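Take a look at the letters that make up each chain.
Protein chains: 2
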Amino acid sequence: MVTPIDPTSLAFLMAENRSMPMHVGGLQLFENPEGAGPDYTRQMYECMRDVDEMSPLFLKRPYRSLRTAGQLVWKQDDQFDVDHHVRHSALPQPGRIRELLDLCGRLHGTRLARERPLWEAHVIEGLHDDRVALYTKVHHALVDGVSAMRLLQSVLSDDPDERGMRAPWDAHPRSGAEPRVRDRSPVDLAEVPVQALRSALGLTAEAAGLPAAVVRTLTKGLRNETSALSLYAPRTIFNQRITGSRRFAAQDWPIARLRAIGKATGTTINDVVLAMCSGALRAYLRELDALPDSSLVAMVPVGLNAKQSHIANPDGGNAVGAVMVQLATNHEDPARRLDLIHGSMRDGKEALSSMTPMQIVAMSALGQAPAILTPALRLQGLLRPPYNVIISNVPGPRSTRYWNGARLDGTYPLSIPIDGMALNITCTSYDDKMAFGVTGCRRTVPHLQRLLVHLDDEVAALEKAAGVA
Amino acid sequence: MVTPIDPTSLAFLMAENRSMPMHVGGLQLFENPEGAGPDYTRQMYECMRDVDEMSPLFLKRPYRSLRTAGQLVWKQDDQFDVDHHVRHSALPQPGRIRELLDLCGRLHGTRLARERPLWEAHVIEGLHDDRVALYTKVHHALVDGVSAMRLLQSVLSDDPDERGMRAPWDAHPRSGAEPRVRDRSPVDLAEVPVQALRSALGLTAEAAGLPAAVVRTLTKGLRNETSALSLYAPRTIFNQRITGSRRFAAQDWPIARLRAIGKATGTTINDVVLAMCSGALRAYLRELDALPDSSLVAMVPVGLNAKQSHIANPDGGNAVGAVMVQLATNHEDPARRLDLIHGSMRDGKEALSSMTPMQIVAMSALGQAPAILTPALRLQGLLRPPYNVIISNVPGPRSTRYWNGARLDGTYPLSIPIDGMALNITCTSYDDKMAFGVTGCRRTVPHLQRLLVHLDDEVAALEKAAGVA
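Same order as they appear, the protein sequences are chains A and B. Counting in full-length UniProt numbering, the first sequence runs from 1 upward without gaps. Counting in full-length UniProt numbering, the second sequence runs from 1 upward without gaps.
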């Protein structure tokens, strides 16, 4: 039996090539539970692998044949082999976070084979502190990044004594809980109520094949002076063609530190996150002697308010718009950068609220699916990048979570660099920490892990500037 | 720049699908050299990765475009990323041979992506005895199994004090030594001097598309009663369609034990190897209640003598023919089985020597490329399998080898199961040991690792029968 592929998913499959694997990833770190033996990782692996009934999402693969008239459709994999998808791996010595990030970068840089369901999970042992890592990758045609993180978290509990949790790909992930595994369709671009956009994405054989009308609206929306959005982002090393090599860096910082900075300066935690990125990107580019004279521009997805949300998604699902934020990387003073970012963010959100429904839809589309839409924009003559880097901040659970008693220490997102956008920073809050996941093309963004050092320096600099150090 | 793909290589690329990855593999185990620190595996990995000049064989990938009129050609990978091909991995606890074989089975069951050069190497640490493992996979379109083993061995030395050895994929694998990296072309089917066969393989879009004339000759040769070849192999569980899941098992036994059995019974070491396989297959199938009444037939590639060789390969390269050996699995007595195998092997070799040049060519082709030719035979109405299992015995180095001081402990081949031939046993001698590499479809051949236990039992049984225990 075959089922049709929704237009957005199809667009992600079409946009994918060797240089741009289109899967999102997640890295989770667990503490061994009390009394866990040396076999604990193997037990976790076996529990993840031995699934009674797989969720249908994890059983389907793209399929094209004469019978489907050459169209790609979803088909259940009749040779499904769970051992191919759920794997038990180990880190080389000395098993530091560095070796873990190396492995994640390598795994994230390999495309998922179309001949099988589009996901993999690796239960990883060998961390020197005996924690267990879980790296998961799922094709963007199945879930978007936010849904993927939610999916991983759906099997967790805030009760350390709860047992009976299963794998996120289990059709019944927790005994008693209702299934939360949903296809990407209900929460994303496919639900944007513009029939033209929907069918256009579906019909096109290349991601760049959006009809001119949609792209004109998008570019007009982005160029609109009244919307206070700069489209004149400078050229940087991030805005070039990329290769398929990936590097991943991740670290977290106590939210309390970010909150203190925000409180003392009258800014939000999200502003502080952006200021950290700004300072880190500035320091990183200076080291490479590649800092542009004018400010870098970040594309920052933001949640829309109820009314806007209704326009962008009449079904009442969450809708996301995009704000172009001036990162003020041309300013030396951390306090000044934070202040300018705060203003730019406020202006952008106001602009969003004054936009026409069509503009909101366009922005929403850009916020959801830059991988599909950015190439289209470039083809339309937007030779300078509309923005330099994507920085997302996705809220996560506020309390400590457990998986069958194993405490989740941290959870870090791996995202999708694309041509012209070689670096992606995705943050997610969990418990009392803000986790930064930095994914980039290893060849276009050299020594990407340096960004972590700069992020750390920047928190300290902001604390000092805010007088809370 | 693109270069044409020779007909045999093309046939292997065409024959490949998700259930039949067409790469050969090798597993090598090294002792850490004297004074090696805890970082030794990493050093080996870095030495294997940091190659000044890659051998062209390892830089080319299959490529098809409008410019090549839709034909597959070789093209140098202009985004070659050595980190994708040479990897540093580790075993989960407790790091037994079992975990190593599991990993090799998993790696061997994954197809090489066509978008990159068709090879991978994994330097693996975490064995409980601190040895280092090297698993290598190379597409059959680049090298055949024998060449792959030679290639891996080409960088080794019998001098434990020699240093400066590089990776097998280095254009200059050893300082001072001449490059031995050769494409598969000079040693295989492509050199069989039958223009029709050559071009037929090249022109066909499917492996099964051999012209009827060639296949008729093949089947006639195989069916020829005077050649004492049984084509009436019984149906077994090995002779079904396979999936892409792989299991690998490997172990070695002292050649001295096999030689003693041969000496006492007037048989060859190769006969003893076949008798071990026979007894093990019999025990294995009995456990599954799946032993056929009549004897299993093995296809055993053998070297041709000088005159035959000249017919099959006028360039003077090694030529390989195929002998169908009755494994006598229907007999209970190990001594009787060995005796019958010895006779069947002798008859088969004699038959080979009485064959016409065309028959030799046909057999030679079958010996070289069963993956390509077997489906063709089946399509020609040979509904019963012409043989049940492929057992190869490839001689290797007779003395201890070293790589920069690290002693090579063992070297084990991983081969290619195909539809209808779910199990492959390849043996290779090294130093004073005979190594058995058993590769099978994990789903078609359950508990394949049991064969190792049975092989071990069978050596003991043969020793007892020969009176040398």
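Some hints could be false.
Simulated restraints, written as ranges between beta carbons of each label pair [to be verified]: (1) GLU53/B - GLU287/A: 52 to 62 Å; (2) THR400/B - ILE237/A: 47 to 57 Å; (3) ASP130/B - ASP456/A: 51 to 61 Å; (4) PRO4/A - GLN79/B: 32 to 42 Å; (5) ASP456/A - ARG67/B: 24 to 34 Å; (6) GLU31/A - HIS128/B: 53 to 63 Å; (7) PRO254/A - ASP130/B: 20 to 30 Å; (8) ARG346/A - GLN79/B: 57 to 67 Å; (9) GLY467/B - HIS128/A: 19 to 29 Å; (10) ALA69/A - ARG18/B: 52 to 62 Å; (11) PRO292/B - PRO94/A: 47 to 57 Å.
To give a feel for the contact side, a few chain A residues facing chain B, derived at Cβ under 7 Å [unchecked claim]: (12) MET14; (13) ARG18; (14) GLN76; (15) GLN79; (16) ASP81; (17) ALA90; (18) PRO92; (19) GLU115; (20) GLU125; (21) HIS128; (22) THR243.
What the hints contain is simulated information worked out from the structure, not anything from laboratory work. Note that this is a predicted model, so its numbers are computed, not measured. Note that beta-carbon positions come from the ideal geometry of N, C-alpha and C, so glycine has one too.
Status of the hints after comparison with the structure:
1. GLU53/B - GLU287/A: 52 to 62 Å: violated, 31 Å
2. THR400/B - ILE237/A: 47 to 57 Å: holds, 51 Å
3. ASP130/B - ASP456/A: 51 to 61 Å: violated, 36 Å
4. PRO4/A - GLN79/B: 32 to 42 Å: holds, 34 Å
5. ASP456/A - ARG67/B: 24 to 34 Å: violated, 50 Å
6. GLU31/A - HIS128/B: 53 to 63 Å: violated, 25 Å
7. PRO254/A - ASP130/B: 20 to 30 Å: At 40 Å between Cβs, range violated.
8. ARG346/A - GLN79/B: 57 to 67 Å: violated, 42 Å
9. GLY467/B - HIS128/A: 19 to 29 Å: violated, 55 Å
10. ALA69/A - ARG18/B: 52 to 62 Å: Violated, since ALA69/A and ARG18/B (Cβ atoms, about 22 Å apart) do not stay within the stated range.
11. PRO292/B - PRO94/A: 47 to 57 Å: holds, 53 Å
12. MET14: violated, 16 Å
13. ARG18: With Cβ-Cβ at 4 Å, under 7 Å, it holds.
14. GLN76: For GLN76/A, the interface hint is violated, since the closest Cβ of chain B sits about 15 Å away, which is over 7 Å.
15. GLN79: Hint on GLN79/A: holds, closest Cβ of chain B at ~5 Å, below 7 Å.
16. ASP81: holds, 5 Å
17. ALA90: holds, 4 Å
18. PRO92: holds, 5 Å
19. GLU115: holds, 4 Å
20. GLU125: Result: holds, 5 Å to nearest chain B Cβ.
21. HIS128: Hint violated; HIS128/A Cβ to chain B Cβ min 12 Å, cut 7 Å.
22. THR243: holds, 5 Å
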